[in-house]
Amino acid sequence: MGSALVTGFLETGLVQPGDLFVSDPDGGALAALGQKHPINTGTDNKEAVRFADVVILAVKPAVVKPVLKEVAPFITTEHLIVSIAAGVSLSVLEESVPAEVPVVRVMPNIPALIGEGMAAIALGKNAGASERKTVETLFAAVGKVVTLSEKDLDAATGLSGCGPAFLAIILEALADGGVKMGLSRQLAMELAAQTMIGTARMIQVTGEHPAVLKDRVCSPGGSTICGVHVLEEGGLRGILMGAVEAAVKRSGKLCK
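Residue numbers are given in this note's numbering: position 2 of the sequence shown equals residue 54, and the series is strictly consecutive.
Since the hints were derived computationally from the structure, they do not count as laboratory data. Careful, some of the hints might be misleading.
Said to hold, decoys possible - Derived BS3-like pairs (lysine-lysine); straight-line CA-CA distance at most 25 angstroms:
hint, residue 1, residue 2
1, K177, K121
2, K117, K177
3, K203, K185
As the list claims (entries may be wrong) - Label-pair restraints from in silico Cβ distances:
hint, residue 1, residue 2, range
4, K232, K185, 49 to 59 angstroms
5, K121, D204, 25 to 35 angstroms
6, C270, K98, 55 to 65 angstroms
7, T251, A217, 14 to 24 angstroms
8, P69, R289, 44 to 54 angstroms
9, Q238, F103, 42 to 52 angstroms
10, T95, V280, 50 to 60 angstroms
11, E130, D267, 49 to 59 angstroms
12, D71, K121, 20 to 30 angstroms
13, M248, K98, 39 to 49 angstroms
14, P90, C278, 51 to 61 angstroms
15, K112, C278, 41 to 51 angstroms
C-beta atoms are modelled at their ideal positions from N, C-alpha and C, and glycine is treated no differently.
Construct the complete structure from the given sequences, taking the supplied hints into account.
Here it is as structure tokens:
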């Protein structure tokens with residue numbers, strides 16, 4: 053995700069390569085990123101914090117506290133701390149940095165890699181309008197952004213953060229269905245992917261409820277309603293709702 057953000061920031065012209073410093077203990081990952089973009093890189097987190105005004109913690113939840121403990125002596129109220137670690141609360145983040153330092157939690161998702169991400173933002177107690185604008189601008193470079201209260205952030209994580217995996221399974225299953233009925237794998241995948249993209253965009257553009265689109269396609273006695281019947285018998289709706297619920301519950305436990 054860190055690499056996706058770097059690419060988005062640079063390709064949109066939001067920042068210049070010299071404005072970025074990426075720190076990672078994996079020298080191989082740094083070398084690969086440095087070959088792609090002429091940015092500043094290093095393995096010392098303290099050096100990165102001394103360089104930057106905005107510090108983005110693109111690490112696993114279990115690593116957040118150790119990283120912040122390492123760099124806390126170098127963080128000032130001039131910094132903005134942004135965490136994209138799932139399940140790590142604002143209170144945990146704020147307790148790990150000096151008093152009055154603004155902190156923001158963000159839950160992006162993997163389509164940010166192609167500029168089609170969905171990011172949910174929650175502001176800490178010391179983050180105001182200026183910090184909100186900064187973070188919204190940064191993450192708008194790789195997709196869409198919504199700002200919400202922290203109590204809703206785990207739900208957003210389970211839906212948009214984990215949702216790409218759920219949708220990928222559905223897309224793969226649709227393509228498998230096409231293959232079963234005689235289509236080539238390549239053609240089935242192309243048909244399934246574009247159908248998913250087009251349906252999502254149609255709902256976005258028209259603002260219609262998905263049920264309206266479903267009813268429009270389901271002609272009386274037709275093939276679509278027969279397929280929908282199979283989905284309903286299999287409990288697809290309940291399974292997907294349960295998947296989101298399980299992901300949300302897990303997200304809330306990641307840093308506990």
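**Report entry** Which numbered hints fail
**Finding:** No hint contradicted; all consistent.
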